[in-house]
Amino acid sequence: MGIWHDLLFGFSVALQPENLLAAFLGALVGTVVGVLPGLGPAGAIAILLPITFGMNAPTALVMLAGIYYGSMYGGSITSILVRVPGEAASVVTSLDGYQMARQGRAGPALAIAALASWVAGTLGVLALTLVAPSLARFALAFGPPEQLCLAALALLTLPTVTGSSVAKAYGLAALGVLIATVGQDPTGGLVRFAPAAVPGLSRGIDFVPVVMGLYGVAEVLRTAEEWMGRSRTDKTDMMAVPRLSRLWPDRDDLRRSAGPTGRGAVIGFLVGLLPGPGNIVSTYISYVLERRLSKQPDEFGRGAVEGVAGPEAANNAATAGQLVPLLALGIPFSSITGLLLGGIMLHGIVPGPRLMSDHPELFWGLIASMYVGNVVLLVLNLPLVGLFARISLLRPNLLAPVVLVFCVIGAFSLNNSVFDVVVLMVAGVVGYLLHKAGYEPAPLVLGMIVGPLLEASLTQTGLILDGQWSAMLQRPLSAALLGLMLVAVLWPLSRWLLRLLLVREPAR
Amino acid sequence: MRPRRSGVARLVALLLLVTAATFAAASLQLSLGTTQKPGPGVVPLVSAVFLGLAAVTALVGRRRADEGEPPAGAAARAVLVVAALVLVYPAALAWFGFSIATVALVWGAARALDLPARPAALLAVGAVGVSVLLFRVALDVPLPTGLVGF
Amino acid sequence: MSKAHRSGPRRTRFAVAAALGAAIGTVLLSAGCAEKSDYPAKAVKVIVPFGPGGPSDVNARLIAEHAKAQFPKGIAITNVPGGSATTGTYQGVSSEPDGYTWIYGGTSELSSVLHTVEAPYTMDSYRLVLKVGNMPTVLLVKKDPRWPTLAAFIDHAKANPGAVKVGTPGDASFNRLMGEQLAAAAGINLVMVPFNGNAAVVQGLLGGHIQAGLVNSPDARAHVKDGSEIAGLAVFSAKRVASIPTIPTTREQGVDLVGTISHYIAVPKQTPDAVVAAIEKRLKPVLADPAYVKAAEAIAFEADVQDAAVARSELTRWYETAGTLYGKLGMLKKKQ
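Chains X, W and D supply the protein sequences, listed in that same order. Take 5 as the starting number for the first sequence in the numbering used here and just add one per residue. Take 67 as the starting number for the second sequence in the numbering used here and just add one per residue. Take 31 as the starting number for the third sequence in the numbering used here and just add one per residue.
Looking at chain X on its own, in the form it has when it is part of the complex (with noise of 0.2 Å):
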């Protein structure tokens, strides 16, 4: 009973006329920095705080809180049509999606994409209704310990999400953990791997001019050796092929969608919760489980709807999940939330534990006002989807060179520095022959991802356990993971051992 009629209080505050309009500013705002390069959802709230000081605090938080789920939703689309991730949490959207949209299936990947976050951001925003509190604690228990453990479990099961090489797999992801140490180490400020010699590297190699560089750039190289490896009748063959066969889902897309919707807002929602990058880890944790669930696994990273539709329900269940820790406990998990926080700081609001008994019309209002935005998405997405879709159906040598433009932009004004660039660049063509010898970046990112989380919880839990490593054991949580580590070694080893033993494999 109480929580319909907090809920129904907040929804008296969302509908009000500015904080509906605020709520519908915000996701516009947010689709559109999703979708330009560069200019992620911590640039575009830097930019709009100004104006949030002559607004009232739930108005401001509900625009800023707009612009963040938003921006989720405008990710995809640019990885769907030129496999460019806007930032790291659609990286792998952009595996089958891009595909898809060659395939001529760029309408239903973006209305799949939409559809997905749509019900999974709906659903995540009921789990911080039902259950924020009580969750929130349960998150607290998550220390360096078991960050460690979710950090080395990450990176043990996490990177073999395209089913190549094994090998090459947990290669590029000790690769991307190698390129995120340079720079300061990130508990003690020690400068690592950085020769004077490049200025730049000191400051550490940030993961959005790799990542577009990876994909986008590297696309880009390996249109110009397809496109010009085709005689003339081939390349009007090249442009016949992707007509857009369809705009729409049909109901068989739908049908193969809604089990990775669901499964991805649970993950999404839960992983969300935990300190560290949740929303983007949560995306290789649907996309590897869908793989494994699938009956035709091999169609992932050629299309396979299920492979969209996961990912893009966990990150926006994510964003749902990373605001738990915000609202009930006023500790931002994720560095957006922390500029979530200091959105609210502005207005001499201090979110604390209490948040939700002082400010009740803040918490209920930003939560009402997130089913109302959700819809907003949905209704602002949907009708673009025909006109996005249509991009892809340019000529692959008028497309190419404008997607180099929109990788610079993107790269240069993360940080208006030249040496983004320069990463932009390098990572495009190191992203060119990796996938000439059959390698898929998507275990790079997850290493540059969970680099730090795994560097900085290791320095920490040493301290807190004195150095008593087996007291890991100890703790119920971290000794669970290290169980599930264990398992998640020695089950596909055996399976390897016996595979070994009984049936001798053919020579390819």
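Treat the hints with care, since some could be wrong.
[Unchecked claim] Below 25 Å or equal to it, Euclidean Cα-Cα: the simulated DSS-like pairs (lysine-lysine) are: (1) Lys358(D) to Lys103(W); (2) Lys172(D) to Lys103(W); (3) Lys103(W) to Lys364(D); (4) Lys324(D) to Lys98(D); (5) Lys103(W) to Lys188(D); (6) Lys324(D) to Lys311(D); (7) Lys103(W) to Lys363(D).
By construction, these hints were calculated from the structure, which means they are not laboratory data.
Given chain X's structure and the hints, the job is docking chains W and D onto it.
The following block gives chains W and D in isolation, referenced to the frame of chain X:
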């Protein structure tokens, strides 16, 4: 006889091996710390070892279906031209500014992709014009101006 | 040279035009210098060397918001994070010294960080305009009947050497150095656990993974209200902080150790005296404006306006202290 690994695969594996060795050597210069306080060299060293192992596996293992052959003929030329363009671009960006460098980049890439000179020029000027308007003028992103000034 | 001779007349005209241009330029420039009262003639850009959302950013934005009367052309905040805040600070010190780019810098990036991080500037690369205020270090603990006060906490640490884990926002952070000083002064062994920023320390504390944490006043504020599981044992300042009045100071409890991260407005070294004076004249009333002071207090930032000389001596003193501490910890950057 099992098929040999493709040239690109071996090249990449070698590059990864060199990267691993470089990082390993550099992380040995850093403190490995104690069991109570692991030093800043631990994670890089372990990762470098993993990368090295993976690279060796990729170097000696069987050839896999996903490894391609390097392009030849017109395709190779196009790839080389675009790769050269993107690698030179950052220097051009710093020297000549966003507008000039990017017009050159887009024009060059479009030409390499067989677009006739005039449409390529149109595309380059159009794309750069729209970006400058959208990003520099409307969104206030300080796109580099370089020595020439725009 | 011969080329110049050949195109003689044209060359001369060029030279005349150039000289004329230079003359006009000089006249305009000197006029601009003489007419100082028209500062600010355009919007001021303030570089905050941190990302948006943190206390530095929020406070800089509060100042910008309350400065609209004194700076009618506006103050725009630019966030330039990275490199322990040296990236943005360097961008600030190397910008045009015309008074239209300020650095909103804190104690660490303006002084002590130069001990540990290779940065392309020194303490002589900037000149200070004003000190803005403080956010003192606060010792937080998970509420526990065994340590209701600082003295009890110290006794506990003394009886159980190495058992008390204290979270800090980073190994090279200001608060870590305060912790080391506290341990030395009290003769106790505290294990400093580096986290990634203040919020992560509070998180570790709430989860019970560490027993204490050293954070700055803005992060302490929300979590020490009554009914919370976290208590503030001591604020490292001479007098209590208005927004967290229940936390006693270190001095009240017999520990003579104070320390605060302070914020300063700085400009590039070559900025003319007249311009600095003009900024100071216009900024002072903003920082003294009760509306601003109240807004800052809400985020537990303590307004404390001081002139450049006081600010400079504070920073120099901290630079020396930090040098000694980092030296003891073996954290000084290698001399090149």
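Now for the hints, and whether the structure bears them out:
Using a Cα cut-off of 25 Å, the hinted pair Lys358(D) and Lys103(W) holds, with the two alpha carbons roughly 17 Å apart. For a cut-off of 25 Å, the pair hint linking Lys172(D) to Lys103(W) stands: about 23 Å separates their Cα positions. Taking the CA atoms of Lys103(W) and Lys364(D), the gap is about 21 Å. The hint holds against a cut of 25 Å. With a C-alpha separation of about 17 Å, the suggested pairing of Lys324(D) with Lys98(D) holds against the 25 Å cut-off.
Only pairs whose Cα atoms come within 25 Å are accepted, and Lys103(W) paired with Lys188(D) is accepted, the gap being roughly 22 Å. Under the criterion of a C-alpha separation no larger than 25 Å, the hint pairing Lys324(D) with Lys311(D) is consistent with the structure, at around 21 Å. The straight-line distance between the Cα atoms of Lys103(W) and Lys363(D) is roughly 20 Å, inside the 25 Å bound, and the hint therefore holds.
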